[in-house]
Amino acid sequence: MKVGVVVFPGSNCDRDMYHVLTDVFHFDAQYYWHEKGLPKNIDAVILPGGFSYGDRLRAGVIAAHSPIIKDVKKIAEKGIPILGVCNGFQILVESGLLPGVLLKNESLNFMCEWTNLIVENNNTPFTNQFKINEKIPIPIANGEGRYYVDDDTMKKLKKKNQIVFRYSEVVNGSSDRIAGVCNEDGNVVGMMPHPERAVESEINPIDNKPSSRIFESLLTTMGVSK
Amino acid sequence: MSLEDQELSELKSKIGREPTPTELQIVAAEWSEHCSYKSSKRHLKMLPMTGPLVINEKGYDSGVLDVGDGYVVTAHIESHNHPSAVEPYGGAATGVGGVIRDILSAGTRPIAIFDGLRFGNVEKDLQARWLFKNAVTGIADYGNCLGIPTIGGEVEFDECYENYALVDVAALGFGKKEHLIKNHAKKGDIVVLMGGSTGRDGIGGSQFASDSLESEDRSAVQIPDPFIEKLIIEAVLQARNDGLIHAMKDLGGGGLSCAISETADALEIGIEMDVDKVHTRESGMHPSEIMVSESQERMLIVTSKIKLKKLQTICEKFRIGCSMIGQVKSDNQVHVKKGKKTFANLSADVVANATLLDLPSKKPVYLKTIETEKKFKPISDYSKTLMKLLSSPNIASKIWVYGQYDHEVGIRTVVKPGKDASVLRLDNGKFLSAKIDGNPKHCYINPREGAIGCFEEACRNVVCTGAKPIGMLDHLQFGNPKDPEIFWTFLESLKGLTDFAKFFEIPCVGGKVSLYNETPKGPIKPTPVIGVIGLIDKKPSVSQKISEGDCLIIIGNTKNELGGSEFFEYVHKFVGGKCPVVNFDDSKKNMNSVLDLIKNNLIKSAHDCSKGGLAVAVSEMCMTNQIGCTVSLDKVPGDKLTVDRILFSESHSRYLLSFDKKNLSKIKDLLKNNKISFKEIGKFGGENIQFNNKIQSVVKLNVEKTHRVWLNSLSDLILHGKTS
Amino acid sequence: MATFSVHVTIENKLGISDPEGDTILNDLVLKGTHKTVSKIKTAKMLKFTIKEKDKKTAQSKVQEICDDLRIYNPMVSKVIIDVFEN
Amino acid sequence: MATFSVHVTIENKLGISDPEGDTILNDLVLKGTHKTVSKIKTAKMLKFTIKEKDKKTAQSKVQEICDDLRIYNPMVSKVIIDVFEN
Ligand SMILES: Nc1ncnc2c1ncn2[C@@H]1O[C@H](COP(=O)(O)OP(=O)(O)O)[C@@H](O)[C@H]1O
Ligand SMILES: [Mg+2]
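Line order of the protein sequences matches chains H, F, C and G. The opening residue of the first sequence carries number 1 in the working numbering; numbering runs sequentially from there. The opening residue of the second sequence carries number 1 in the working numbering; numbering runs sequentially from there. The opening residue of the third sequence carries number 1 in the working numbering; numbering runs sequentially from there. The opening residue of the fourth sequence carries number 1 in the working numbering; numbering runs sequentially from there.
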């Protein structure tokens with residue numbers, strides 16, 4: 001159960017994610033620098049949040065051209081679970097692994113606040129321990145987090161059940177309040193909120209159990225019983 | 001940029017010859033107020049700087065505190081006032097960058113940022129609004145990109161900052177004690193300049209910071225590059241882990257001149273460097289320009305010949321510049337060459353140690369009459385007055401500010417901004433609490449008591465989280481020190497802080513002096529800003545939700561101290577009166593008692609009483625808990641006072657405690673035992689914030705509605721120009 | 001070979017909202033005394049300095065860069081490319 | 001009265017660094033196969049739609065708006081204003 005945490009220049013939630021993976025859920029996690037390749041036998045890959053390349057030009061666009069993304073794409077095709085969080089989601093979108101685009105928040109500001117997610121698809125490696133419509137208290141922290149797709153893509157997303165999370169209320173102007181999506185196969189998931197900031201009760205002022213299920217889902221997928 | 005005549009002759013006599021033009025530039029940069037502290041240094045020595053937890057090492061740019069189990073916390077505070085007043089976005093952002101590098105240079109990872117922001121009257125003054133908005137974005141963009149949470153701060157508006165800005169930034173670092181950089185160097189070691197390239201931007205910045213703003217120097221503006229800074233942080237920490245750093249210093253005011261001469265002086269070495277080796281952004285820069293450029297995001301590192309390769313490999317990985325610019329000599333000289341040619345060769349001691357001044361001081365004339373109160377129109381509707389205060393820019397929620405700051409990254413933030421102090425968890429199971437506070441309105445009326453008040457307020461905030469104060473940072477911001485009246489206010493504030501620090505045995509672990517803060521209308525009010533760091537051994541006090549039937553106790557006396565209060569200044573537009581004075585004994589007793597109550601798990605939450613007085617503090621508790629409260633003003637302990645004074649006096653050492661009724665007798669016993677002045681003054685419940693005087697209702701406000709106004713009025717004002 | 005300055009303007013496609021332009025218009029310009037402005041659209045510009053054999057190659061080369069490297073996101077934006085001889 | 005489209009380009013003054021342009025050049029464009037690009041400078045553009053009596057008034061009006069409302073900070077940036085008749 002090897003989980004890779006990809007590190008780009010400017011990633012800044014890599015260490016948080018690593019801590020949660022190893023110390024809280026006891027995965028065998030390892031960092032991979034963006035210029036390196038990923039090993040063949042990896043079991044899951046996580047692209048953490050941050051400001052890769054300082055968010056220059058557009059969040060995620062420069063990192064999407066990193067050498068490691070080629071490997072991420074190969075692994076994605078094999079059906080291995082891949083999760084992009086915040087900037088990781090932006091990178092997945094910019095590299096074409098996920099549909100849509102993340103635009104500047106309607107407020108035009110960086111927003112750091114606690115939100116509630118609603119689970120819309122519990123058929124992904126990161127949501128299989130949820131019930132549909134379950135609520136997850138979780139924080140966001142982003143400037144470019146407004147998910148947008150054109151009408152045709154939206155239809156497709158709905159048809160193929162690719163909407164994974166919605167905000168329970170309007171947060172930043174995302175199309176249909178979308179907070180996370182997956183690819184058609186469901187193994188590549190991207191989400192703007194930060195699960196790694198919500199799984200420990202010490203720093204979660206509301207309830208840490210729902211977001212923990214994101215990682216427990218991965219454990220289940222990988223055949224590890226809790 | 002130049003030396004004063006008398007300084008020039010002093011330099012000549014010290015070196016026994018005419019200085020070269022490059023030497024003149026280097027010395028002018030280093031002898032500026034900003035770098036040399038020439039006006040303040042001899043007085044700053046009065047502050048207590050040692051204590052059982054303080055680790056002192058030569059050459060540290062930040063204070064180091066031992067928090068046990070092999071871990072240390074580092075702390076520093078800085079301001080970027082002049083640059084922020086002309087380019088608020090870049091000025092504020094590079095301010096963050098600078099203080100972060102100070103934390104980094106001790107060898108610790110930065111884990112938190114605090115910002116203290118002061119501007120003119122944002123309700124009337126569009127320029128102030130523009131400055132404020134852009135400074136906030138500058139801090140947000142920089143800190144967020146670095147992935148260092150900005151977890152607290154303060155915001156204040158006062159007409160004395162018209163056309164000006166005070167942007168203070170404090171930072172905390174954390175690391176293993178064994179990883180602290182020991183700052184040593186020996187002959188033959190290599191001097192490396194790491195990070196961004198050197199350009200003409202920011203030339204003369206430190207002198208700029210020491211001039212009044214009239215001489216606006218355009219080239220002194222710096223462009224922030226948080227992305228490079230982030231790479232520097234990771235590269236430096238990796239180099240630290242690999243033991244590649246013998247000594248390190250960040251490049252701040254005075255650029256290379258300052259970094260080279262101070263490193264040479266502190267480590268008692270000589271440094272010979274070649275400006276041709278510095279990676280520059282533009283061609284054709286003169287040696288003196290390279291030496292005084294204040295381009296941001298650069299670090300000076302001393303390493304050995306053998307370790308250099310490894311250091312270069314790390315820099316290559318992060319794609320940041322790494323120039324070997326010189327080497328360590330045994331002669332204590334700062335020797336600047338361009339190729340073979342010498343441009344400066346001065347003793348480090350001469351450059352790094354400007355002659356300290358002993359400026360005259362004199363009690364300001366205005367203080368003679370400032371305490372005399374005017375007669376005021378009586379308040380006819382206290383509900384309206386309280387609502388007005390709660391929506392005023394100084395008291396309204398600052399969520400528009402901290403909501404733009406990533407305050408969660410790093411997953412340490414246990415108590416988030418929006419309460420009193422914020423709390424971080426540390427790797428050894430302990431918790432760190434910190435807050436910065438200032439109060440120029442009080443300090444203007446009484447520079448000494450005002451400064452003590454800021455210190456006590458920061459302590460109170462930290463104590464409300466269950467933390468014991470273990471260190472203090474001071475940032476002393478005043479006008480032109482050559483004015484004896486201003487210098488007197490500086491000395492008074494400093495003496496007050498010293499007394500308090502000694503009495504409470506809270507060592508000063510870092511600080512900064514910023515002088516020449518003058519606006520076109522004159523000097524700013526004295527503005528010391530105090531940061532207090534507290535440590536929690538076991539469990540922090542995280543506010544529990546207050547519910548129906550819970551009780552409210554106030555600790556501490558309410559006195560006739562409306563001078564400099566928001567009530568006088570915002571409601572009555574009056575500057576004057578008697579400002580709050582801290583009684584040291586009461587202060588200590590109250591602090592310890594609150595800590596005792598928290599330790600014994602007796603209360604749900606503690607909130608300190610400060611700006612806006614009791615009325616505002618109770619309202620804040622109600623609003624953040626979405627519950628009403630009925631308070632009896634006649635029960636409030638202290639002087640016999642009129643209703644307005646009980647509601648709005650800003651007397652110090654007061655705490656509001658909420659708790660379950662079942663703990664009442666235990667709490668009372670503990671407080672009585674500790675000989676504390678306290679009273680049970682209210683009950684939570686219902687949907688109104690209500691203050692009664694005996695049987696008469698004085699204030700009645702709906703919690704939900706008030707909450708909405710308090711929460712949104714600052715952003716409405718800044719974004720849409722709405723005043724409520 | 002000659003050096004060209006190529007201006008790439010990245011702007012929203014028709015129908016994509018531009019909250020920033022709207023905010024500058026409504027909260028800044030129209031709040032003041034400037035009532036003759038009816039719309040503000042924001043765009044981002046990149047000015048390339050490029051060495052190519054002629055204007056046409058410079059243009060097509062930059063277009064290629066923009067497409068290949070996703071200098072703009074085609075779902076929401078378009079680019080306008082103007083070439084100037086130096 | 002006629003309607004004009006006024007393009008305001010806000011860019012850093014000469015000698016002021018442009019970290020964003022540098023990153024796009026070094027970490028994106030030059031990492032690929034596009035070696036003929038030697039510099040990229042970023043700028044921001046605002047496209048105003050404004051009704052004024054003539055081109056000159058449109059130009060000066062927009063300049064005034066930019067100065068008054070601090071659409072740019074003259075300390076670090078400059079504006080270039082181009083007017084087009086609609
Ligand atoms: N500029 C700022 N940056 C970050 N947090 C801020 C800022 N201003 C205020 N806050 C936060 O808002 C809350 C209230 O601040 P303040 O009114 O200064 O508190 P207090 O009166 O307890 O000192 C605190 O948690 C503080 O950290
Ligand atoms: Mg407080």
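It is possible that some hints are incorrect.
With a cut-off of at most 25 Å between alpha-carbon atoms, the simulated PhoX-like pairs for lysine-lysine come out as follows [stated by the list, open to error]:
#1 Lys-277(F) to Lys-39(G)
#2 Lys-705(F) to Lys-640(F)
#3 Lys-668(F) to Lys-589(F)
#4 Lys-13(C) to Lys-35(G)
#5 Lys-70(H) to Lys-31(G)
#6 Lys-56(G) to Lys-39(C)
#7 Lys-635(F) to Lys-36(H)
#8 Lys-384(F) to Lys-398(F)
#9 Lys-419(F) to Lys-182(F)
#10 Lys-186(F) to Lys-305(F)
#11 Lys-35(C) to Lys-56(G)
#12 Lys-13(G) to Lys-35(C)
#13 Lys-495(F) to Lys-482(F)
#14 Lys-78(C) to Lys-61(G)
#15 Lys-51(C) to Lys-56(G)
#16 Lys-176(F) to Lys-539(F)
#17 Lys-578(F) to Lys-388(F)
#18 Lys-51(C) to Lys-53(G)
#19 Lys-44(C) to Lys-53(G)
#20 Lys-51(G) to Lys-47(C)
#21 Lys-78(C) to Lys-56(G)
#22 Lys-56(C) to Lys-41(G)
#23 Lys-666(F) to Lys-36(H)
#24 Lys-40(H) to Lys-70(H)
#25 Lys-482(F) to Lys-588(F)
#26 Lys-36(H) to Lys-317(F)
#27 Lys-51(C) to Lys-35(G)
#28 Lys-41(C) to Lys-35(G)
#29 Lys-41(C) to Lys-78(G)
#30 Lys-155(H) to Lys-131(H)
#31 Lys-13(C) to Lys-44(G)
#32 Lys-384(F) to Lys-187(F)
#33 Lys-13(C) to Lys-51(C)
#34 Lys-41(G) to Lys-55(C)
#35 Lys-47(C) to Lys-78(G)
#36 Lys-666(F) to Lys-538(F)
With beta-carbon atoms standing in for the labels, derived distance ranges [unchecked claim]:
#37 Ile-80(G) to Thr-369(F): 50 to 58 Å
#38 Asp-596(F) to Glu-113(H): 30 to 38 Å
#39 Lys-186(F) to Asn-86(C): 27 to 35 Å
#40 Lys-209(H) to Leu-670(F): 17 to 25 Å
No lab work stands behind these hints, which were simulated from the structure alone. All C-beta atoms, glycine included, are put in the ideal place defined by N, C-alpha and C.
Here is what the structure says about each hint:
1. Using a Cα cut-off of 25 Å, the hinted pair Lys-277(F) and Lys-39(G) holds, with the two alpha carbons roughly 23 Å apart.
2. Between the alpha carbons of Lys-705(F) and Lys-640(F) the distance comes to roughly 32 Å, so the proposed pair goes past 25 Å and is violated.
3. Under the criterion of a C-alpha separation no larger than 25 Å, the hint pairing Lys-668(F) with Lys-589(F) is consistent with the structure, at around 15 Å.
4. At roughly 30 Å between alpha-carbon atoms, Lys-13(C) and Lys-35(G) are farther apart than 25 Å, so this suggested pair is violated.
5. As the CA atoms of Lys-70(H) and Lys-31(G) are separated by approximately 15 Å, the hinted pair is consistent with the 25 Å bound.
6. As the CA atoms of Lys-56(G) and Lys-39(C) are separated by approximately 19 Å, the hinted pair is consistent with the 25 Å bound.
7. About 69 Å separates the Cα atoms of Lys-635(F) and Lys-36(H), which puts this hinted pair outside 25 Å; it is violated.
8. The straight-line distance between the Cα atoms of Lys-384(F) and Lys-398(F) is roughly 21 Å, inside the 25 Å bound, and the hint therefore holds.
9. For a cut-off of 25 Å, the pair hint linking Lys-419(F) to Lys-182(F) is broken: about 38 Å separates their Cα positions.
10. Taken as a hint, the Lys-186(F) and Lys-305(F) pair is honoured in the structure, with Cα atoms around 11 Å apart against an allowance of 25 Å.
11. Taken as a hint, the Lys-35(C) and Lys-56(G) pair is honoured in the structure, with Cα atoms around 17 Å apart against an allowance of 25 Å.
12. Annotation: proposed proximity of Lys-13(G) to Lys-35(C) is violated, straight-line Cα distance about 30 Å (limit 25 Å).
13. This hinted pair checks out: Lys-495(F) and Lys-482(F) have alpha carbons roughly 19 Å apart, not beyond 25 Å.
14. With a CA separation close to 28 Å, the supplied pair Lys-78(C) and Lys-61(G) exceeds the 25 Å bound.
15. Straight-line distance between C-alpha atoms of Lys-51(C) and Lys-56(G) comes to about 36 Å, which puts the hinted pair past the 25 Å bound.
16. The suggested pairing of Lys-176(F) with Lys-539(F) holds, with an alpha-carbon distance near 22 Å, which does not exceed 25 Å.
17. Distance hint between Lys-578(F) and Lys-388(F) is fulfilled; the C-alpha atoms sit about 23 Å from each other, no more than 25 Å.
18. With a C-alpha separation of about 42 Å, the suggested pair Lys-51(C) and Lys-53(G) falls outside the 25 Å cut-off, and the hint is violated.
19. Restraint check for Lys-44(C) and Lys-53(G): not satisfied, since their Cα atoms lie roughly 29 Å apart, outside the 25 Å limit.
20. Note on Lys-51(G) and Lys-47(C): the hinted pairing is violated, with a Cα-Cα distance of about 29 Å set against a maximum of 25 Å.
21. Between Lys-78(C) and Lys-56(G), the direct Cα distance comes to roughly 30 Å. Violation of the 25 Å bound is thereby established for this hinted pair.
22. For the hint pairing Lys-56(C) with Lys-41(G), the CA-to-CA distance comes to about 21 Å; that is within 25 Å, so the pair holds.
23. Distance check on the hinted pair: Lys-666(F) and Lys-36(H) sit about 62 Å apart at the alpha-carbon level, beyond 25 Å; violated.
24. Under the criterion of a C-alpha separation no larger than 25 Å, the hint pairing Lys-40(H) with Lys-70(H) is consistent with the structure, at around 13 Å.
25. Taking the CA atoms of Lys-482(F) and Lys-588(F), the gap is about 37 Å. The hint is violated against a cut of 25 Å.
26. Distance restraint check for Lys-36(H) and Lys-317(F): the Cα-Cα separation of roughly 11 Å lies within the 25 Å cut-off, and the hinted pair is therefore satisfied.
27. The suggested pairing of Lys-51(C) with Lys-35(G) holds, with an alpha-carbon distance near 9 Å, which does not exceed 25 Å.
28. As the CA atoms of Lys-41(C) and Lys-35(G) are separated by approximately 33 Å, the hinted pair breaks the 25 Å bound.
29. At most 25 Å may separate the alpha-carbon atoms for a hinted pair to count; Lys-41(C) and Lys-78(G) meet this at roughly 19 Å.
30. Proximity of Lys-155(H) to Lys-131(H) is assessed by CA-CA distance (about 23 Å); at most 25 Å being required, the pair is judged to hold.
31. In summary, the hint linking Lys-13(C) to Lys-44(G) is supported, as the alpha carbons are separated by about 17 Å, within the 25 Å threshold.
32. In summary, the hint linking Lys-384(F) to Lys-187(F) is not supported, as the alpha carbons are separated by about 72 Å, beyond the 25 Å threshold.
33. For the hint linking Lys-13(C) to Lys-51(C), the alpha-carbon distance of about 30 Å lies beyond 25 Å, and the restraint is violated.
34. For the hint linking Lys-41(G) to Lys-55(C), the alpha-carbon distance of about 19 Å falls within 25 Å, and the restraint holds.
35. Our distance criterion of 25 Å between C-alpha atoms is met by Lys-47(C) and Lys-78(G), whose separation comes to about 15 Å.
36. For the given pair, Lys-666(F) sits about 22 Å from Lys-538(F) by alpha-carbon distance, which is consistent with the 25 Å threshold.
37. For Ile-80(G) paired with Thr-369(F), a C-beta distance near 55 Å keeps the hint of 50 to 58 Å intact.
38. Between Asp-596(F) and Glu-113(H) the C-beta distance comes to about 35 Å, which sits within the given range of 30 to 38 Å.
39. Under the hint 27 to 35 Å, the C-beta atoms of Lys-186(F) and Asn-86(C), about 52 Å apart, miss the expected range.
40. In this structure the supplied range 17 to 25 Å is violated for Lys-209(H) paired with Leu-670(F), their Cβ-Cβ distance being about 36 Å.
This entry does not satisfy hints 2, 4, 7, 9, 12, 14, 15, 18, 19, 20, 21, 23, 25, 28, 32, 33, 39 and 40, going by the numbered hints stated previously.
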